[in-house]
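Engineer: Chains as they are written, first to last, in the numbering used here: chain A, 11 to 302; chain B, 818 to 1013.
Hints should not be assumed to be uniformly reliable.
Said to hold, decoys possible - As a list, the in silico EDC-like pairs of lysine to aspartate or glutamate whose alpha-carbon atoms are at most 20 Å apart:
#1 B:K875 - A:E54
#2 A:K76 - B:D932
#3 B:K1007 - B:E889
#4 A:K268 - B:D876
#5 A:K37 - B:E910
#6 B:K856 - B:E841
#7 A:K268 - B:E847
#8 A:K254 - A:E281
#9 B:K875 - B:E906
#10 B:K875 - A:D270
#11 A:K268 - B:D853
#12 A:K212 - A:E16
#13 A:K183 - A:D196
#14 B:K875 - A:E274
#15 A:K37 - A:E253
#16 B:K1008 - B:E855
#17 A:K19 - B:D932
#18 B:K1000 - B:D919
#19 B:K875 - B:E841
#20 A:K206 - A:E188
#21 B:K888 - B:D919
#22 B:K875 - A:E281
#23 B:K888 - B:E906
#24 A:K254 - B:D876
Stated by the list, open to error - Simulated DEER-style distance windows between Cβ atoms:
#25 B:G890 - A:N251: 38 to 48 Å
#26 B:R966 - A:R187: 43 to 53 Å
#27 B:H973 - A:G295: 47 to 57 Å
#28 B:I942 - A:N12: 25 to 35 Å
#29 A:Q99 - B:G911: 29 to 39 Å
#30 A:D71 - B:T844: 48 to 58 Å
#31 B:K888 - A:G236: 30 to 40 Å
FYI, nobody ran anything at the bench for these hints, they're computed from the structure. Where is the CB? At the ideal position from N, CA and C, for every residue including glycine.
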Amino acid sequence: MNDRYELNKNLAQMLKGGVIMDVTNAKEAEIAQTAGAVAVMALERVPADIRKQGGVARMSDPKIIKEIKSAVTIPVMAKARIGHIVEAQVLEALGIDYIDESEVLTPADEMYHIDKHQFNIPFVCGAKNLGEALRRIGEGAAMIRTKGEAGTGNVVEAVRHMRTIMSEIRRLKSLPREELMTAAKDMAAPYELVVKVAEEGKLPVVNFAAGGIATPADAALMMQLGSEGVFVGSGIFKSSNPEKMAKAIVKATTFYNKPDIIAEVSEDLGEAMHGIEISQIAAEGILSARGW
Amino acid sequence: MINIGVLALQGSIAEHVHSLSMIEGITPCEVKSASDLEKISGLILPGGESTTIGKLIKDFALTAPIIKRAKEGMPIWGTCAGMILMAKEIVNEGYVHLGIMDIAVRRNAYGSQLDSFNSTASIPIIAHEDIPLVFIRAPWVETAGEQVRILARVNHRIAAVQQDNMLATSFHPELTTNLAFHKYFTGMVKKYLICG
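Isolated chain B (complex conformation) (with noise of 0.2 Å):
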């Protein structure tokens, strides 16, 4: 078995807890201290607000424990305010949480509840079939990197991104039944987990 965390302060939890449990192989584990982050192959920042879970895992010390493991080539994956977390920068902030992804984004770029959206998306690299996206309060990727790869853009704003071994959505694959995205990234745990 091979466990993936998801990090267990606020948001969307339970959510991406049960589309783990969906995949053979997996053991989801709640990761709520940096003794629950040795315990771990990968890490999920589940959706929620970003300012309240920043200011958690620095409360916690859980910040520098994750960069190291990130530096060490542990896949971890941002879903919202996960991507946020995972910002080098966020546009019209004067701070960064990780830091640990070139990318800038822009918080609550849409607008707010009343232009939460659905859409769907053709992204190959993950799915052969269109993927449900649910945007809630969502945040878009401004400028990216040069080494990291755009996977998705919808309506022209850049919605996926990966940088090696970190995987960003700005959308919630954990609130649909779509597992595409939670398969992808168990992928990328496994090709860690053999070539380190």
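The shape of chain A in the complex, shown without the other chains (with noise of 0.2 Å):
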């Protein structure tokens, strides 16, 4: 491992603790950098409105991410879709933070995810279980987090998500060492860090969650289950109170087991987004079963 990627992986560690904030404009930055986010996703809409009004969503405008950049002094993170290497140059070339290589955009390649080997810059992937985590560390992610299902303001997909990777960690420490290439060929990730996750009981890099977080509550619980940090995406911004909302999220993350500060700042504030059952989603409406 070259000193980059350890650099890139130590990035992710001063986010720990923190809220990443979904924005799609410099204005929405400012709000989340006031609120407390410790970094801001820049997409061209929020996986909700992607969700309602369908097409191919992909890369925000670099103008526009140009903009965030010199609005906040926070860390800058921006989607590419899936496979798509050079919507990660142009990003790269803008010189933000981060890339998140996210499900949420329309997928531009379904067969293959980028090589983040090839990159200076740090990228986040999405994981539904510790093989897709460790795929995706193998191809060089410096971060990880859940899928979940975004854009739904339904936290269960996020939940199965982080307890899987969870209890597959666990199960892979409690393996005597000649049963780890036969669990490296089931979960088919690198057998490396198959080992490396069996010796150290945890993932080699930081881990957050992300996909359907929509409250306070939703957070605290998700750090709770063992995430490292939380990415909130339409939850904020389709609230009735973004600020507030932004405000409490940040809180309630820090304080994730003090259950009379959450419940402090859940009071009153107002609506939270509108969510979707999960069942009612069309197969193809899935965003988490984009990737693999």
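Assembly of the complex is requested from the two constituent chains, each provided in isolation within its own frame, with the hints serving as guidance.
Structural biologist: Encoded structure:
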């Protein structure tokens, strides 16, 4: 592993315990920073709108990314389509801090993810289970997040993915060494990373929760399940009082094991985003099925 | 055992706790409230996002108690974001957080994540061996007051400073396995406990 990869994992360590918020313009970025976000994620439309409006979702306009970058001092992340090498190159050229190779955008490649080792800029990628997380890390991701089901305001898939990853880590830890190659084969993950997880009992990179987090209690739930921080997408700017909701989610993430504080910050937040029951979504609308 | 606290609101908390746990005689404590502050003899302000941590110390009424303990002489060490929290001036910003150390710091002084870097430096007062230094979207100290001792410069920029009971580094010793800075800070805490 080279220095650059270590530095990129290190930046994710600095984001731990924090909230990364989706923003579509400079004004939203300022609101996020004022509320206490540790970073902002630039994208063309929040997932709830992508879901509603349909069509192809792509990387943001570079002009908007530049405006966001100059509006805030916290790290700026932006989404590229899965497998879209050139969108990633463009984002690196813009000098942002992190790229999310994201299933929320329409995939550009249904076979291959980006070879992230070819870049100096760090990548975060989504995962539903440990095998998927380790495949992305094998490709060079410096941070992992659950996929959850973005744009639904329904935390159930993020919970499923976090619980799955955590329980698979615990299982690997308990296996004798001679069973690790078979485990690697079964989960289609690089053997060296499987061994590392079995030895250390944790992912080799920081692991956040994402996809469907809509309330302070959702954020705290994900932290209690072992997440090291949270991404909130539509949950903030699709709520009736984004500023207040953003501040409350930041506080609930820090004090995730203090129910009295979570109760206090959850009071009178207005309406959370309108949610969707996962079983009501047609198969082609399931974003977490994108990528492999 | 000596209790050393790590401000546990956001950032590289686990890393500092781990480094402290490697030093004999030290019990690391996570500090999340004013009452936690009463139980410690030294405090580390970790790396993270200074705007986030700064808001949380204000909203949860930790600013005044931390300033009070600093004024009483309790050793405080800020790494990166922690250094920004301690500074009396933040260049190009209209606010300060704790404002307890006579330094002016520039945030994200080197640029974006693509400008983050590793280095090593010989800092004789801290350790005999060279110390690995990790700079992540790091600040630097632009100017330091007369009472501030400059411990290290990296690429001609001030990267480590001490003012009496206060230590600040623009890099992250907690991201390396080198314990030199944690041991040095532990020494400051021991001296404080003996001499007050």
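Engineer: State for each hint whether it applies.
Structural biologist: Tested hints:
1. B:K875 - A:E54: 33 Å, violated
2. A:K76 - B:D932: 17 Å, holds
3. B:K1007 - B:E889: Roughly 15 Å separates the two Cα atoms, so the pair holds.
4. A:K268 - B:D876: 15 Å, holds
5. A:K37 - B:E910: Since the Cα atoms of A:K37 and B:E910 sit roughly 18 Å apart, the hinted pair holds (cutoff 20 Å).
6. B:K856 - B:E841: The given pair, whose Cα atoms are some 19 Å apart, holds under the 20 Å limit.
7. A:K268 - B:E847: Answer holds: A:K268 to B:E847 is near 14 Å, not above 20 Å.
8. A:K254 - A:E281: 11 Å, holds
9. B:K875 - B:E906: 17 Å, holds
10. B:K875 - A:D270: 18 Å, holds
11. A:K268 - B:D853: It holds: about 14 Å lies between the C-alpha atoms, which stays within 20 Å.
12. A:K212 - A:E16: The hint holds at about 17 Å.
13. A:K183 - A:D196: 16 Å, holds
14. B:K875 - A:E274: Roughly 16 Å between the alpha carbons, so the hint for B:K875 and A:E274 holds.
15. A:K37 - A:E253: Holds, at about 12 Å.
16. B:K1008 - B:E855: 18 Å, holds
17. A:K19 - B:D932: 14 Å, holds
18. B:K1000 - B:D919: 24 Å, violated
19. B:K875 - B:E841: 33 Å, violated
20. A:K206 - A:E188: 14 Å, holds
21. B:K888 - B:D919: The hint holds at about 13 Å.
22. B:K875 - A:E281: With Cα atoms ~27 Å apart, B:K875 and A:E281 exceed 20 Å; violated.
23. B:K888 - B:E906: 18 Å, holds
24. A:K254 - B:D876: 13 Å, holds
25. B:G890 - A:N251: 38 to 48 Å: 44 Å, holds
26. B:R966 - A:R187: 43 to 53 Å: Taking Cβ atoms as reference, B:R966 and A:R187 lie about 51 Å apart, which means the hint holds.
27. B:H973 - A:G295: 47 to 57 Å: 55 Å, holds
28. B:I942 - A:N12: 25 to 35 Å: 31 Å Cβ-Cβ, so the 25 to 35 Å window holds.
29. A:Q99 - B:G911: 29 to 39 Å: 37 Å, holds
30. A:D71 - B:T844: 48 to 58 Å: 52 Å, holds
31. B:K888 - A:G236: 30 to 40 Å: With Cβ atoms ~39 Å apart, the hint holds.
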